[in-house]
Amino acid sequence: MADLVTNKGKYELFTGDANLDAADLRVALVKTTAPTADTNLRSDVTELTVGGYAPQALAGETVTEDDTNDFAYLDATDPVFAGLASGETIIGAVLYRHVTVASDSPVYAFYDLTDTPTNGGDVTVRFATPANGGALKGA
Amino acid sequence: MAVNLHTTHFRFGVDELAESTHGWYANEDTNPSQGTIPLDTVFLLRFTVQETGGTAAANTDNTFQFQINGGSWAALTTTSVGPRAVAAAAFTNGAACTKRLSGTGTFESSGAGCTEDGTSGGTANDIAASGNSETECGIIIDAADVVHGDSIAFRLISPDFPITNDVVPTVVVNEPANQTLVATAPLVTVSAPAASRLATLTLTAATVLLTLTAPLATVTQGGALQAGIPVVTLSAPTATRVAQIALAGGVPVMTLSAPSATRATAVTVTATAPTFAFAAPTATIPSDDAGEWWCGLSGLSSLTGGGSLYCGADD
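These protein sequence lines are chains F and P, in that order.
In case it helps, the working numbering puts the first sequence at residues 1 to 139.
In case it helps, the working numbering puts the second sequence at residues 1 to 315.
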C-alpha cells in the first residue's frame, strides 16, 4: 500500500468540483482493504464499524500556494476519532468530499497509516506539516 | 450468639433522580463491565449489611474501604486517591436508605445509610437481630489517579462489629491510551508534455503564428523562416534552436524568451525584419562550430533584449 490520489480526485480537481477549501471534506478510517487509484466513492471503501466510529468532517481547510517551493497544498486541522472501541485494525484513511450519502461522495485520496488496533481510546490522524504538503499536495 | 454482620449483596447505581428511584449500572451482585462506569463521573455503590448471629447490632457505623490491584485496603474518604467519596445528586449525606437490595429479616429503615464522605450509620443504625440495613455512597474515580486496567475493589468495615464481606464489588478502570497516526500528504502531479520539433522546419509565407511552448520547446535542426510569418516564438524553461536559422524579409518578430533561450549557431537576419529580440535571463547566440563569432545583420530596424549578441568575422 501507499498514499495515493484517486483518479476521481484528479478529475474533480480539473473540473473544479473539488474546490478543496470550500467543500465538505471528511476523513474516514479504513480497515482490511486499501482503496486503489480507481476507487470512486466512499461506499467502495471498507470502513471501520467499531463502536464510537464515525467519519470526521475536516475543519480549518485552507489551500495555499507555495511559490518558494513551487507547489500548492490543502491543510486542515488533524481529525480526531474519539473513543473507538476495541476490535478492529486501522490500516489507513481516505479523504473524501461528502455530498449526501456514502454512495454519492467521491474519494480523493488515501493515507497509508501504520496498522493500529483500536483500543477504546481516541485516534488522531496527524497530517503532514505545510512544508511537506499538509493533507494534500499538488506539484 | 454474638452479633455477626455480613455484606451479602451490592449494586452499582447511577447518580440521578432520588435515593429510592435512581437507576443501576448492572444487576444486583454483578460487577459492571469495564468502561460501563466512566471515569470522573459520580456513581453510587450500595451494600446490604445482614445480621446473621441472631443478636441486634445497635449503633452500627459503616466505613467504606477500597483496594487497588490487590494492594492494601484504604479508607474511602473525600480526599482518598483513586476513588473518593463525593456529594451525590440522588441523596444527601446522612439520609436513610430505603430497601432496594435483597436481605432477610427486619429492615432498618432509619439507619442514615446514605453517605457522601465514606462513613454512614452510627447511632441511628440499629440492625435488628437477623435483620439488615443498607448503605450507599457517592463515589468518583479520578482519571488522573488510575490507569487502564486497574481493578478497584470495595468493602465495608465497622469499628463496632466485625463485618465479613461475602461480596466484594469491583470496578475495572477503562482508560485506554489515545493514539496518533501519522499521515504523509498524497501528491497530485500536474505536468505538460514536451513540445518539440525534431527535424527540419520550413515555415512558408502565410504561416501567421508558430509557437512552441512547453517545458522543452526546441527546434533541433535547420529551419528557414520566410516572409509572411509575423511571429515566431520559442518560449519555455528551455527554448532552443540548435542549428542554423535564417530570418528572411517579412519576419517582423523573432523572439527567444525563456530562462534559457539559446540559438546555438549562426543567425542571419536580413532586411525588413524589424525586431529580433532576446528577452530572457540568458539569451545568446554562441559561436559557430569553428569557434568564431558570426552573424549577419542587414536592414534590421531594431535589436533588443537583455542577452548578449556577438558578431564577428566568418571563417
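Read the hints as simulated data drawn from the structure, not as lab findings.
Among the hints, a few may not be true.
Chain P is faced by these chain F residues, among others (derived, beta-carbon under 10 Å) [stated by the list, open to error]:
#  : residue
1  : Phe14
2  : Phe71
3  : Asp75
4  : Ala82
5  : Leu84
6  : Ser86
7  : His98
8  : Val99
9  : Val101
10 : Ala102
11 : Asp104
Facing chain P, from chain F, some residues (calculated, C-beta under 8 Å) [unchecked claim]:
#  : residue
12 : Thr15
13 : Gly120
14 : Gly121
15 : Phe127
16 : Gly134
Ideal placement from N, C-alpha and C gives every residue a C-beta, glycine not left out.
Tested hints:
Given hint, Phe14/F at the interface with chain P, holds; its Cβ is 9 Å from that chain's nearest Cβ, closer than 10 Å. Because the closest C-beta pair between Phe71/F and chain P is about 9 Å apart, less than 10 Å, the hint holds. Given hint, Asp75/F at the interface with chain P, holds; its Cβ is 9 Å from that chain's nearest Cβ, closer than 10 Å. Interface restraint check: Ala82/F against chain P, minimum CB-CB distance 9 Å, threshold 10 Å, status holds.
Hint status for Leu84/F relative to chain P: holds, with the closest Cβ pair at about 9 Å, below 10 Å. Of the supplied interface hints, the one on Ser86/F holds, with its beta-carbon coming within about 8 Å of a beta-carbon of chain P, less than 10 Å. The beta carbon of His98/F comes no nearer than 18 Å to any beta carbon in chain P, farther than 10 Å, and the hint placing it at the interface is violated. Because the smallest distance between the Cβ of Val99/F and any Cβ of chain P comes to about 21 Å, over 10 Å, the interface hint for this residue is violated.
Here the hint on Val101/F is broken, as its CB sits about 24 Å from the closest CB of chain P, past 10 Å. Interface restraint check for Ala102/F: the shortest CB-CB distance to chain P comes to about 20 Å, outside 10 Å, so the restraint is violated. Interface hint status for Asp104/F: violated, as the beta-carbon distance to the closest one in chain P is roughly 22 Å, over 10 Å. This hint is violated: Thr15/F has a C-beta 14 Å from the nearest C-beta of chain P, more than the 8 Å allowed.
Of the supplied interface hints, the one on Gly120/F holds, with its beta-carbon coming within about 4 Å of a beta-carbon of chain P, less than 8 Å. Look at Gly121/F: its Cβ gets to within about 4 Å of chain P, closer than 8 Å, so that hint holds up. The interface hint given for Phe127/F holds, since its Cβ lies 6 Å from the closest Cβ of chain P, which is under the 8 Å cut-off. Checking Gly134/F against chain P by beta carbon gives a least distance of about 6 Å; that is within 8 Å, so the hint holds.
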